[in-house]
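Single-letter residue listing:
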Amino acid sequence: MKVVRFFLQSALEIFRGGRVYWTWVAMLGFLALVGLYCYVYQFQVGALHSTDLGEEVPWGIYIANFAFMVGIAAAAVMLVIPAYIFHQESIKEVVIMGEVIAATACIMCILFILASLGRPDRLWHILPFIGRLNFPSSMLAWDVVVINTYLILNLIIPTYMLYTKFEGREPNPKIYFPLVLLSIFFAISIHTVTAFLFSSNVSRPFWHSSILGPRFLASAFSSGPAFMILILQVIDRQTKLKVSAKVIESLALITAVALQISLFLLGAEFFTDFYSQTQHASSIQYLFFGLEGHNHLVPWIWTAVALNVTAVFILSVHKLRNNKLFLNIACLLLIVGIWIEKGMGLVIPGFIPSPLGDIVEYSPSIYEIGVCVGIWAIGGLIFTFLAKMTVPIEIGAFRKERLSEKDPHWGKRTTDRVINVAD
Amino acid sequence: MSDPNEQLPENSGSGSTKAISRRKFFKKASIAGATVAATTAMASTPVDGDAFTDAVQEFFQGHYQKMTKEEVADAIARLERKTKRKYGVDIQINNDPPLEGVLFGYALNISKCKGYRKCVTACMEENNTSRALQIQYIRVLEMDKGSMNIEESNHYYDSETVPQEGKMYLPIQCHHCENPPCVRACPTKATWKEDDGIVVIDYNWCIGCHYCVVACPYWARRFNWEDPDLPPEKINPVTHYLGNRPRERGVMEKCTFCVQRTRKGKLPACLEACPTGARVFGNLLDPNSEIRYILENKTVFRLKEELNTNPKFWYYTD
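For the record, the sequence lines run as chains A and B.
Quick note, the first sequence lines up with residues 93 to 515 if you use this note's numbering.
Quick note, the second sequence lines up with residues 39 to 356 if you use this note's numbering.
Distance ranges between label pairs, derived from CB positions:
1. A:116 - B:122: 50 to 56 Å
2. B:326 - A:244: 56 to 62 Å
3. B:344 - A:398: 35 to 41 Å
To give a feel for the contact side, a few chain A residues facing chain B, derived at Cβ under 10 Å:
4. 140
5. 150
6. 447
7. 449
Away from chain B, derived, C-beta distances all over 12 Å, residues of chain A:
8. 173
9. 248
10. 327
11. 345
Calculated directly from the structure, the hints in this document are not laboratory data.
Computed from a prediction, not measured in an experiment: that's the story for all the values here.
Just so it is clear, CB atoms sit at the ideal spot from N, CA and C, and this is done for glycine as well.
Chain B on its own, in the form it takes in the complex (with noise of 0.2 Å):
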């Protein structure tokens, strides 16, 4: 078993140039099982009658918001059958409502981060992302001291070597804005926000249009372009319908604060893989709680406040 550390890009060079470097690596790297995993599957599916129905089912299975108790139960049920055909693997898929009185807010210590990415590589592990595409949730940008600008960063530098002399670290996920760009683009409704403030995607609902992606000020959403890459044995089994249940082919996938943790009282993968203690997640409507206390005793900010998509993420200094 490898350390999905290992595939983490490892460059320090200019951002730009090594981003299509990178890129072009990941095509060649996958298109070679792609097109044989492509070729074998439509040549060995067996002609599973409990198969075709599922799947017939699914293309007509409505939307997660219209769907009865009973549907949801169904299209949970169905599922976790495909996973187990497609990985040999048993995985529970938890509809977990959003908790009462509760609206999540994330806030991160910049003084703190240090860029180790211990965060992307956990969150990987934790929402079974596709190993091959490399689908990260959290981009760690590393920027020069003495300026804040996002387009002068570079997120594909060498967590081997940090912390860089004159460098900072402002590691970017989706902000789950109050006010979401992408919810509002979305031609189907297949992505919106939740009571507890958590923007989700309906995995089954999406049609792969993109324009959530165009929309996001903050880069935060992932198109799964290939049949995504995911080793049985790195399968996350405790997973959640709007969370970290395996995707397909042809949609969007982001950043859900880790919803399958998140509403049953535990914390986001991200922050407890965080060395260095620069992440705070919690419960925005208990005056109590730690993040409310940073943000009414530290200097927060937001980022590209200008945009009045209003996150419910919020950087901090000591």
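Isolated chain A, as found in the complex (with noise of 0.2 Å):
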């Protein structure tokens, strides 16, 4: 009873907000619906005619989007191994956000797979126990198990510590420990596994090779991170919770290192492929610098190659990376960086050449441009709620007992005096 009441008060929280709050919501709901009809168009007229799949080019943006959002999922791990481990009180506060981030990139990639099947109809033969999970087999199953798994660590581990907090005790380390030491295994697991799903397949050369894994965890640890210290400064401008300013530092000291570290791997790959020019190099030959005269994806790449070197330069000196101002542009630079060359720089050049040597070159479709901005909006809406929950609870302001001494019928009108009181 006292837990239903804990998430009923938190879920009224959601419908309480200002002008800004309400118009930010507004507008990241009509994205979501403008997805929503791409892809009630695309289920209508079939892939075929709303995309630009096809035989040759089956994966295209929704798998690259997938691969970039398990990225960003899995650097939660970056906030929750200093907290949880090393008792960082800085970071502590902020570990919900990292986690409530990492859940809605979870969801996120779970939606971008359903955008991309074939018959989203028949989703449940692929749930384990009450489908046909082909485990431990298929890549893909993995993919299933330990991407849900992980959200719902991710779902799990928060509200037990906020539900403490709300009622006024200390968590319990004997059941969140174990919980977060499974987390960090899962978020190591979820890219990885993501990363041999692509470098499993002997029929495309440019994936089969053994760095993908740690090229996956590397520029994960540096876009996750830079994510989320744009994420965390608009925690800390529009809420009452504060982000101390040694988070900020020390995510941008980790972003910087593991940019570095990505870097020298695609440096290393790129060696490998151009030294002996054997057939095999075809894809990276068509990805850098076209193929026979194919070359939709050389603009995209070349662009990430910029972007992620200006990110790297500035975060590498101490001085512009501690300026804020430059800290964010680098964060957005490698944002973009990293979502091209991990999507469009990764999925789509594996299939170009075809097994039997077709070049056939694709570009996202309108349509499923639409469908991936409407499940990015949707990503949005799932934060904004989630952190409006949260946030008044982490800052102590929405308690049990102050609840109950301020206001007897504690279960209307509630937030008003939370802030009241945090004020």
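Please assemble the complex out of the two chains, which come individually in their own frames, going by the hints.
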């Protein structure tokens, strides 16, 4: 009963907000509807007409976004480790935000997969126990397992932490610590498994590389923290939850080192493929320089390289990194850079040329872009709502005894009071 | 009635650029038809109680390998009704299991193949594949003599003017690997290898994730991007549950060594159609079979052998 009340009270928070909040929610809601429209259209006329996908390139921007979002989800571990393992107080204050980002990213991953399925109505076939999951043979089955487990962990841990806070108790380490350890393991797993999903295919030489797993992790640990740097600053400005400068500083340092490693690994791959110029290098040749006059992806990948190199320069110079403006610019550049590199620059060229040597180029259609924007908007909405629910508890304004002391009918109109208490 | 041969892509230019224009063409050609079909279907579907319960039961239908005999029989009856409703055609869906002591194998004489593509046409007619999408299980690669480089091959050549001077032809289809990467990849076990070596798909279980396409080194799997376009008068009514029964949008399909024929002791349609006698099909476990003779006495090779997929499809020369 107490728990139900807790959830109910937290959920009511979603409906309390000012003009800025509602404008933001309305905007995201509109974009989500646009995405829904595009998806319904795709479902009605078939993916052949609404997307640019086809026999030669069956995976496009949906899977590209999926590969990127898995990285964002995994990066929460960069807050979880210092907060729960090393007990860094400043990070402990925002670790729940990291977990909320991770949970949101997992849901977005699932939505992107759904968008690319030919028969989404048969989704139950893929569920463990209910359907017939090809575990442990299929890497896609592994992905289903690890992403869902990681999602559940990232819902349970923050809920438990917030509930104890709401109840005014100290969280019991015997309950949360094993879960935290598990979530660290799964954070690494989701990205490794997703990399293996690609690298396990002997039929696609471009992906068939043992460095792909480490590359995925390195890029995740730069794009994820960069994402969090930006979001935490918004949280800091828009809510009463204050984010200390130390958190941003340590995240910026992680971003810098991870991006350096990521670029190094990309260079290593570049060398291996280009030095001996075998036929297996034709995909990377297509990606960076074009093949037989086809060069759709060339501007994409060089943009990504330029963005990442600029970002790594800013992040590696202490003076620039410690300047908020430059830091934010670097974060933006590298998020876009990694998005291109892990998405358009990794998923698409794997299919070009096809195993029979056909070069069929791909660029997302307007409907595919619509669906992606919609899923990003849904992600934005989920995060906004979850943040709205958690921040008041997090800052200690929203607590059982405070509520009941001040207001005997604490099922109603709580938030105004809560905010006053906090002030 | 048009000859399906006419619908084959006819061009002789470089494979890569033609591949694009061909795809764009089919997109445009079928978009009008598909949109009209989709809207009329929604407007005019009779609210037939039977159709509704069939749809519900089909949704909850289990995996083919997990269904009891009665459930399979029900599923088959449902599918036959569905085809009748959609195309107005009576079809029979049989359910022959693998024959005892049979392991199918295929061999193809590349010195005899001249690239006429009769196998492709016969395959499409036999297997009820979508005509608008031109779902072809067999691709005939045209290559320069003196090279066996698949990546440099072209499978969009003009089959009216073959054989071309200085070219060789290499048909490629599902190799029915002993160690199939597609089966390993499928997240729902919707595709598997039967005891007679045939790699099949349960079209009612596939969720259309494309992961098997990604995994296949022979590019042998086809996807129904669109509601299959199948003229009723062209439907081959003799079908198998795991073979040529009419498919649906959003699922994979592939060559099944004509399971509906070969499990009844007949030969695959592509073999019967081949004008040059380049194809040999048979039971690998029978020491007196022609295929065993070829494997033991001819110069045989397999494609991409280094991948250890162990195809049950061999090429040979005289």
